[in-house]
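Build out the structure end to end from the sequences listed, making use of the hints.
2 protein chains.
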Amino acid sequence: MTFEVTSEFVEKLSKLIELRKDSAIKKLFEDVHYADIAEVLDEVDFDEAIYIIKLLDSEKTSEILTELDEDTRLRILDNLSAKEIAEEISEMDTDDAADIIGELSAERQRNVINALEDIEHAADIKELLSYKDNTAGALMAKELVKVYETWTVAGCLRRIRGQAKEVSRVHSIYVVDKKERLVGRLSLKDLIVAKNDQKIADIYISSVDAVNVNEDDEEVAKIMSKYDLEAIPVVDDNNVLLGRITIDDIVDVLKEEADRDYQLAAGLTQDVDSDDSILDLTKARLPWLILALFGGFISVSILGGFGDAMSKFPELFFFTPLIAAMAGNVGVQSSAIIVQGLANDSLRGSLFKRLLKETILSLFNGLILSVLLMSAGMLILGFNFNVGLTVAISLISVIILASLIGTFVPIILDKKNIDPALATGPFITTSNDILGILIYFLIAKLILGF
Amino acid sequence: MTFEVTSEFVEKLSKLIELRKDSAIKKLFEDVHYADIAEVLDEVDFDEAIYIIKLLDSEKTSEILTELDEDTRLRILDNLSAKEIAEEISEMDTDDAADIIGELSAERQRNVINALEDIEHAADIKELLSYKDNTAGALMAKELVKVYETWTVAGCLRRIRGQAKEVSRVHSIYVVDKKERLVGRLSLKDLIVAKNDQKIADIYISSVDAVNVNEDDEEVAKIMSKYDLEAIPVVDDNNVLLGRITIDDIVDVLKEEADRDYQLAAGLTQDVDSDDSILDLTKARLPWLILALFGGFISVSILGGFGDAMSKFPELFFFTPLIAAMAGNVGVQSSAIIVQGLANDSLRGSLFKRLLKETILSLFNGLILSVLLMSAGMLILGFNFNVGLTVAISLISVIILASLIGTFVPIILDKKNIDPALATGPFITTSNDILGILIYFLIAKLILGF
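Those protein sequence lines, which keep their order, are chains R and E.
The first sequence runs 1 to 450 under the UniProt record's numbering.
The second sequence runs 1 to 450 under the UniProt record's numbering.
Any given hint could turn out to be false.
Where chains are identical, the list cannot tell them apart; a pair therefore holds if satisfied intra-copy or between any two copies.
[Claimed, not checked] Below 27 Å or equal to it, Euclidean Cα-Cα: the simulated DSS-like pairs (lysine-lysine) are:
| no. | residue 1 | residue 2 |
| --- | --- | --- |
| 1 | LYS226 | LYS415 |
| 2 | LYS189 | LYS199 |
| 3 | LYS255 | LYS226 |
| 4 | LYS189 | LYS60 |
| 5 | LYS54 | LYS226 |
| 6 | LYS283 | LYS357 |
| 7 | LYS179 | LYS146 |
| 8 | LYS27 | LYS54 |
| 9 | LYS189 | LYS146 |
| 10 | LYS126 | LYS60 |
| 11 | LYS26 | LYS178 |
| 12 | LYS27 | LYS226 |
| 13 | LYS353 | LYS283 |
| 14 | LYS83 | LYS21 |
| 15 | LYS60 | LYS26 |
| 16 | LYS445 | LYS312 |
Since the hints were derived computationally from the structure, they do not count as laboratory data.
Below you can see the structure in the form of structure tokens.
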């Protein structure tokens, strides 16, 4: 359980590889979980990783490959022949197999599939590869336990013993009619509790949740977590049973979704981790920074436009970063609440009510902050009353505007079927910076009259 | 599957409640999933929700209660007697029961537990309530299927039929010795495939992952998703089997963790959704805004300190929001990558290497952005070369510093066992704003010599 990749372990392993002590290496990994071996492979030199993959049994290495980081896996697969990859693939469930083959070039894909000995397995993988990314079809596995409604319990148990060997986890047994259409489900428990001569048709549960093969994977995740399902069958438009999705796949979908939202909020355009190359990291980071720079430029121009006020009211210019920062922070808070509400389907009530509530809320927060600001500004920094008042009124106005923008931009994006998470982070801070500064100086002009 | 809470449905329901058509209401909900009924209860008036809860069978309402939003649930439970709550609780699995009782006041907790008829169930719930929040013990359920290693397969199947009725999902059958210590596991499949007269001791799998009852729940989630487990047994320090955690509980833990990180990054101190009261929303939002205001104040003072430069170089002050915004954005990007790396345990390599990489990366990004800035500033806005150079050099320096702060603050917090997600969002933007502005003016002073 508590295996840790220590530097002693890695050193020992390196030495064994250097000395080509194959049996000792095998023994070293004997009781180590494949997920842990995958971590070891991330730590050792690349040549050593290849050596280990070629040395261990494909039963073990196929599992290791599915656990590896995509980059590392691709580099390793580049060093294997199509036949060697096919051997690994033949040990995998169809969903993992399709995911990994899908990462290869079109030509390699064909070669690997042609090298597979089990024709049925190959056909299943080809079918899975044909579904669009991020659909139920791309997520499902072909492995499932299926019985016909006309079978008896005894016959069922006999055949399940055969089918179940290929299915690592039996969540539900799916019942189909003679046209392969899904009609119901059974649990192993139901089968064990039933009498041997009963017909499946008499004992199955006919209410069975299923998703269409073209359903969006995030929607499938929502359905499965809402209804607490551990597996869900996937059907085509004619209700023919095609595959099943299990909850561990959904855990991955949920994680990816959460990671992506988090990254968008932080201004990263693609999934990167800190070990990626500087080029990849730049690709993820630079677009948003250029957007922010462009936005910054607009604020420079706005400030330049009000430059004449500088000689009379220099303090005004000291407050611009404060106003901009508050606008940005308020905007991010509001948009984050909405983005999460949209993700959890928990937004209710009319737009008008929301507008009213957000306005009252930000008025309330704005008042507290303005009082703090005015008293501190006048008492500590000794600004004159009019400047203090200008900053305070601007702060309230900016907070209200920023929270309204933060609230409604994601709602509008969502209505237009654009990922609302795009509206968080740099996008909202940049636009709120600009608007905040503009409003601030307009109010200042009104009150101070420069 | 695709039940939608329509306004027609809610209207029809309201009318039926008004007319006290109890059997029609029951019929209306007959085929509706409890998770959907929970959504309906969120939509209708509160009195109507109470009416529905009191009307439907406790078998159904107990499930509905577990699905409700905590606020709504508490309000409903406030309207039920201890005995009525006990009836609901008696239909629930121990983990859900303990979660819901745990939300009540200490006195209500005692009353409800005393009102439970099933003494064993009550004792189980009391045990679960005794574990600390966010531990494996607080997450687990007492329901599981357990067999002794001395039993035969046939005896096992017979007894499992009894135990399994109480356990909604049988993931694994846990094998214990006569001192109740966990020694291994079995799947239902293994049992079905085995011969009737075989001993459990001969067929069980002795390698079984387990977690200690005091283990942190996020750690349990990591273990279960790393090793692709659908259930994990929980043991005490003597390896005595206490309960089990299933993957659907882990889905909730992962979701909560992701939500909390996201909220911290957005500057929200507690879990709020947009339907919460203005007071709750203020409590979540105001602390970070006050922090940002305080930070803004520091930047006002810094700018004030360099106020003398204003007459000679007014343009400098136009660029402060731009510099501050870039510092904030870069800081958030860097910290988000680290926070995610820490959450996924994927940070590898030495701190020095990371420092070097982050510096090169930000130097590279900074150069591109500075060239863009200088050319735009001089060509479009017509600034003089020295001011352009000052802004450009400052931008590069600020980007490097901001990315280093964004990288190392979360790492340091994590080493000190503080949630690194605290370092994202307003905290990093505010401190980077201040440092960015300070550095900018120091460099300006050096180059322009005011």
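Return the numbers of the hints above that this structure violates; sort them in rising order.
When the structure is compared with the hints, only number 11 turns out to be violated.
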